[in-house]
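Peer 1: Read top to bottom, the protein sequences are chains D and F. For the first sequence, position 9 (counting from the first letter as 1) is numbered -6 according to our numbering, and the numbering increases by one without interruption. For the second sequence, position 361 (counting from the first letter as 1) is numbered 359 according to our numbering, and the numbering increases by one without interruption.
Certain hints may be false.
[Stated by the list, open to error] Computed list of lysine to aspartate or glutamate pairs in EDC-like fashion (alpha-carbon distance at most 16 Å, straight line):
#1 Lys136(F) x Asp462(F)
#2 Lys292(D) x Asp462(F)
#3 Lys65(F) x Asp101(D)
#4 Lys459(F) x Asp79(D)
#5 Lys461(F) x Asp79(D)
No wet-lab data here; the hints were simulated from the structure.
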Amino acid sequence: MSGLGKTRAFMSKTTRREFLKIGLAAAGGALAASGMEIPLFSGSNSSMQTQLNNANTQVINLQNQLKTVTGFLTLSVNEQALLEPIVETIIPSDSTGPGAKEAGVIYFIDRQLAGDYGQSANMFMEGPFIPPKVPSTANLSVAPSPSWVALPSPVGGGGNATAIAYPGGTASPRVGAGINYQYPLNLRAFWKAGLEAVQNYARSSTYGAPFQQLSGDKQLALLADLWAGKPATFADNHGTIIGPVDFAYELSFMTWAGFTMDPLYGGNQNMVGWQYMGFNGVNLGNAYGEGLSQKDLMVATTPTRLKPASLAQYQQAAAGGA
Amino acid sequence: MSSVIMEPRKNLVCLGAGFMSGLVAAEVARDSHNYSVVAITKGPWWDYVSDFSTTKYDEWGVGLGRKYDSPLPVQSTTIRNSPTQFALPVRRYTMPIQYHALGHGVGGAAQHYGGTMGRQGPWGYKQQSLSDAAYPGKLAQIQPNNDLQDWPLDYAGYEPYYHKWELVYGLCGTNNGSPTDTSSDMNYPWMDPSYGSKYPMPPHPLTPVATQFRDACLATSPPQGAKFTSYHPFPHVSSLASQPYTNVPYGVPVNPCVYDGYCGGNCNYACETGAKANAAYRTIPAAMATGNFKLVTNAYIFRLVWDATSHTVTEAHYYDAQGNVHIQQGDVFFNGMWGYNMIRIMLLSGVGVPYQYNSGLGTGTGSVGRGLTNGYAPYTGTAASGTLNIGANSYSAGNASGGSVDIYDLMDDNFDHTNLNFIGGAQIGMGGYAGGGPGNITLAGNVSPSNTGVGGTFKAKQKDKYLPTTTNVGATPFAPDIPTYDHYVDLDPHYTDIYGDPLSRLTYDWTANMYNGATYLATIVAQILTKMGASNVKVGATPAQVHNDWWGHHLRGGCRIGKDPTSSVFNSWNQHWLSGAPGPNIGSNYFAAGEITNTAGDTVPSGTHVAGPQSWRAAEGIRQYLQTPGLLTP
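Okay, chain D solo, but in the shape it has when bound (with noise of 0.2 Å):
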């Protein structure tokens, strides 16, 4: 399983090095002495004492990051490699800001396709499942419900109880766009043959590697591909074909949604991806004591940053904890 000790090794490389880090530092300049690299001392301007708080700060970030997610409920190992790089493609961490990584994206989707948003549990699944868009030459014929041709007279009078022919070609795009999602798989199923898929078309000779190990600009452009429509035949492992453009909005959306959505759901860890978009959480104004009222906050016509609050924060202030 070769999959499995390197996803592992991925796992701790970065949270021991990083602890290592900044445990070494917050112990004091002792160790300095050692002979070890230790970057956060390497600032010229800053004070030891205000490193060492900034160390201590991250100290506890980072016991924060271990006590809520470092595992997963769902996500398979292969699906672990694969996924990492596509939502650190989707938001990079870069000079602006940390990104999918920091924020641990991963743990949210992996929570979400575990749970309730996996199972589809608050989707309507009854079928027929018809797709979207039919191919302009096809007329797809679909026969009615017989429950409802059973139902008495006159319920019956304002439908039409004969087969309805979809006529190929003719529905507009926004039909196909809007309702978009018609697959017969609640929603891990539908994941699981999209990571198939994108990994088989990176395997493809348009790519010709797996995901993992094509160069950053490849990875972009592939998943360009995918919102194009490409590749023309998007499958899994066993022949499962779904839209490309379909996993495409999944893969964006729940990145996204995990860099944004409160710490609770296992993304946004220590609300960076709030800190990056100036976004307040759930303080209304006086989480930390700053004493502002949100309808003066409403009115302002230059804009105020608020160090942002989580739910739980907020539901502990509110419980008198805190």
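Mind docking chain F on chain D? Use the hints.
Peer 2: Just chain F now, kept in the frame of chain D:
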């Protein structure tokens, strides 16, 4: 083992427990005759303190997961654009369109709406006759297959009901048209001051963009052909309480808005203070206080029993949470279910004559399901836009529609349409501050093939997105939707709810009048934007007509009140016409009111406020009927 349970007979049975049923239930229960009333809703009772106050600030759960709303696995609907298409079911509330969910439980969809309110002016009640008189042939030219009808009453007929409705549900605003005088509460020109039509609460504080819009309107010359000499800006009329209030005449106390911003943003958020007006916190408490009222929750109504001899509804049948079937008999039945569910239960039960479209003729017969329109069209037409040099806190602060300023001057027949290819116009408002909404999901939900959300370039644009130093302003001012013969609601032949009954099927697309209006009005709005000092003022290129993929939440029509029993479902008392049923018209015991009993209109997106006076009139009609059953005289 489930069983059949006969419930004690009531004088009035209300189907649903939202805006309309709540008002009717309260009015009838408070009648001096001590009428017994029951309201039956498919969802739970929501207590705003215990149910919302610590869990509503959850965009993923509320905005996306719709955790307080009608569960799709129980019931959905199907939509298509034309009668020749196969209608597909709405399978989830999001992705890539944020569908607007039906409400679930007491208060209904108004638990999570935006609170936009505003009266419909006199023109809206007589669109068809006024347009034909002023511009002969124009309607047929714009929309050859139009099925537009006048309302059975004119504005003056509804004005007293508007006033009562506004006091009960608690509206805030001032319509005096003056930028400085907020004391007089003279109302918009058509609002008769003799009724004392004063909103019970002052407007929400105006945002800087709103005041700039107001000042610009006052400094801008109206367009050529305008029937007014200057614009009349006024603060947005909202049903979110702007101060502590005790509603009149019921005496139900109301908390004010706290401007937390988890409010608008696709109208997702329930209110944790009860400031957002809905039946649960305004009318149902008044009904309960009488001792004559019973509330039945978590009860799914699946049939009405129609007696063809007496022309009455005799029973409502519903499932309870254990799967038992309950039979509720009553003297009068009032249908206050949301939107197409009102139509669906009638079609499932054989109440009224179902509308049937004849594709050969391009017209149709019958009335139940006929004349579906949409009061909201986010993708239609041409938008005017610009950028103001005003910063803002674009995160969660503010309320759904509060803080904005509106003008009504560019709607109705307030300007000459002789050389224009549309009728009516648009309410234009700016400066509404919903807060971010929180709005993250606006970003996540707006990813598209042209805006994929992928990569560092896109990411960089999101940096400090909620702390903007400039503000984008604009409007998509589409003209009203016109009912046509090929837009309707019927039962879907393929898809069913969890109990095996057919779903409703919407056949609908946006109409030419909406597009044509937008193309013209956007240029007028652009003049105001320029006067506001906006830079980069643009009128977007007229798009090719896109098609509706919107699971309409602002439906109008489909189950209209009217003057003609063959083409409308209800008379001016919102009493069932019998819709051409055989035998003498002896007057039914079946009443209904809601957005879809409206015909097309021009004022507010939802039509809730326009439906409200109908529910009050229905309540009066029901009280008359309970004394003297029969056809109420118009």
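Peer 1: Next, verify each hint and record whether it holds.
Peer 2: So, going through the hints one by one against the coordinates:
no. : hint                  : result
1   : Lys136(F) x Asp462(F) : 50 Å, violated
2   : Lys292(D) x Asp462(F) : 13 Å, holds
3   : Lys65(F) x Asp101(D)  : 11 Å, holds
4   : Lys459(F) x Asp79(D)  : 13 Å, holds
5   : Lys461(F) x Asp79(D)  : 12 Å, holds
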